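J.: Here the protein sequences line up with chains U and H, keeping their order.
The numbering of the first sequence is our numbering, which starts it at 1 and goes up by one.
The numbering of the second sequence is our numbering, which starts it at 446 and goes up by one.
Derived from the structure by calculation, the hints contain no laboratory data.
Where hints are given, some of them may not hold.
[Claimed, not checked] Here are some of the chain U residues that sit facing chain H, going by a computed Cβ distance under 7 Å:
1. 117
2. 120
3. 433
All figures in this text were calculated on a predicted structure; none of them were measured in a lab.
From the three backbone atoms N, C-alpha and C, an ideal C-beta is built for every residue, glycine too.
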Amino acid sequence: MNLRKLASMASLSAIVLSSLATLAVAAPAKEQFFPVLVTRTGPIAPNATPWANGYIDYLKLVNAKGGINGVKTVFEECETGYATDRIVECYERLKGMHGGATVFQPLSTGGTFALTEKAPVDKIPLITAGYGRSESQNGAVFTWNFPLLGTYWVGSEVAIQYIAKKLGGVGNLKGKKIALVYHDSPYGKEAIPVLEELSKKYGYEVQLLPVAAPGVEQKATWLQIRQARPDFVLLSGWGVMNLTALREAQATGYPRDKMLGNWWSGAEPDVRDVGEGAKGYSAMTLQHGAEPNSKVVKEILATLHAKGLGTGPKEEVGDVLYMRGLISSMLAVEGVRKAQERYGKGKVMTGEQVRWGLEHLDLDQKTLDAMGFAGVMRPVQTSCLDHMGSSWVRIHTWNGKKWEFVSPDWYQADANTLRPMVMLASGKYAEEKKLKPRTPEECNK
Amino acid sequence: MLYRENGQFKTSYAADQQIFPIAQDRWAVIGIVLFAFIAVPLLVDEYLFRAILIPFLILSLAALGVNILVGYCGQITLGAGAFMAVGAYAAYNFHIRIEGMPLLLSLLLGGFTAAIVGIFFGIPSLRVRGLYLAVATLAAQFFTDWVFLRIPWFTDNSLSGNVSVSNLQVMGWQINNPLNKYLFCLAFLVVFALLAKNMTRSAIGRQWMAIRDMDVAAEVIGIRPLFAKLSAFAVSSFFIGTAGALWGFVHLASWEPAAFSVDRSFQLLFMVIIGGLGSIMGNFFGAAFIVILPIALNRLLPELGDLVGVEISTAGVSHAELIIFGGLIIFFLIKEPHGIARLWSTGKEKLRLWPFPH
């Protein structure tokens, strides 16, 4: 009896859903499909919504300018609510639509872990620009992951460089105390290994202060900071946790200019409500900050938002997280463009071909400037073995009203520190999974 | 007319006490199991397997465990997510730390470990009951969250607390594609559902129900509350732990403690309440309601919007999904406080009399 309902439910949903699937598949060819996993509801929506808007606006802009060598982009949103199981569901739902997904960008570390297991089977690249698992930089093992433009390890390494610079040299790090206030999840923990590795080298002390998600309860954390008086506080927050941390810092009187956030702790929604109270607080960025004056943003405002075709509110165009989405989208599109150079211009690329494109990205400053990204970002060059492409980080500071760059603001992560760690962690992964890392010869196939 | 037991005479105790005394029921269940094993694999595509059927099967199994404790023994628990986590991480540790460990054994040992932890967290049930017990079991939830986030040994010193498994196989049968995963989970569910059904019909099940209905009276007639309550905790946690191991190994393949958060505990409790407390088939209704309905709504609403020419934004769909889903929960709880399973049995009762209800 009990199984009767199960079967009828299954068959009913089979009928309904498969008819929906056929509807979706019947789209015309010559379209490159970009699935968009969005989080427009729930506690992190304030941060994830501008990201999604930027992502989609860029795809629309590409279409307005004639597509990728004539191939139009088409996109489909799926709401995940930042829940891993919904991300998996959305992935399964979207991966076959419109002739197959080009790339997935889960915007969640938990989601990245889950999809990392699925992407190689379905042969769809996974772009995790700035987030995801740091060891996936090693393209020999993580053949389908692309943590383009940086990882949390890059961020941690730069954080120590920044602190050393503030103290007047790495020699002065000795005996200093650095606290890490982090979101207690795989995401927040990503920063730890590098901080600990470098502490052996420079002799500073790391104090780890986890904050349970979603991060509105931090009284105990800041009491500890008050007692221990660390010389610097690093913040790996997400959404509402950042606001709370800054408010608590204000309440305990911890100087904000001794605080440095990672790139999920440095956008407008993270500080706006604290306003003047967050003045002096700095955060790392993935090369770009808020870029309302860049050429690409002006282009989007003119071609899309002026005609009412834009996504989301006009005022947010050019904000930090909007730009993050826009750049993530641009990287995916450029991957397709690069793949077309090899597999045929004006053709729709498969996931496997796009992976080749993403592995051979070569965006020099001239190309970037021509695309309207002058002053927004620095060149990106990937290879089969390096899926990250750039290790530059820029640090911006909140002046009470907006984010601004205070030079010297460019930092490059030290590959001598990070590369061995990446190789070690990815080697361990390969061993666990019994994977054979790709050799350089296999790359060129 | 068709659904009627007239003329089915029982000539032995065995025939009288079988699980489905009515022949039509028996054939229907056998038919459905065969359908699930043979026809479903031929009919449905990968998406349905991966996104709907596999989670549905595994969460049904977990709901089965919760129902044993909450529905049959009357001990409210909010620690189901914790026991799933224990099952998943224990199975993981058995699997990777012991060379050549068979998958089935890892999963069952995961369940077994969860049972031991369940007994431990069941001890407060001997003193406190009702909502107070719910709070006590909530401690299990926070404790396991803490353990798997803080103690690196349990997650094999993974840098971020995330673990993953691969190359699953049972005696040469690779569990790598959605179809095999589905069949694997289905086999588990069928065996465990049969086990649960029989357990609730046997002496131990009657003890649980006696405790649930009135524990003082049960004690007076000679039922040991210690044994009854702790055995319910053990069996329930075993089911939930095995489901957790399946959830990690088969469904997610790579998971973090957040996959078994307190939300999961609530979700499972809702499944049991909506499906029907103290009913085996209620679990399937509840799991279907909670797993399938939100996704179905999420997919159907934009299509419906298209039909009437309204474009609904992604956020709009998501909000509407929550509103309709919440509304339906309230509707069911008002119209049928005993869960969907009761609707089902009322329906069967009516069908028996049909077409002459008087």
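J.: Hint by hint, say whether it matches the structure.
T.: Checked hints:
no.	hint	verdict
1	117	holds (4 Å)
2	120	violated (10 Å)
3	433	holds (5 Å)
Of the numbered hints stated above, the single one contradicted by the structure is hint 2.
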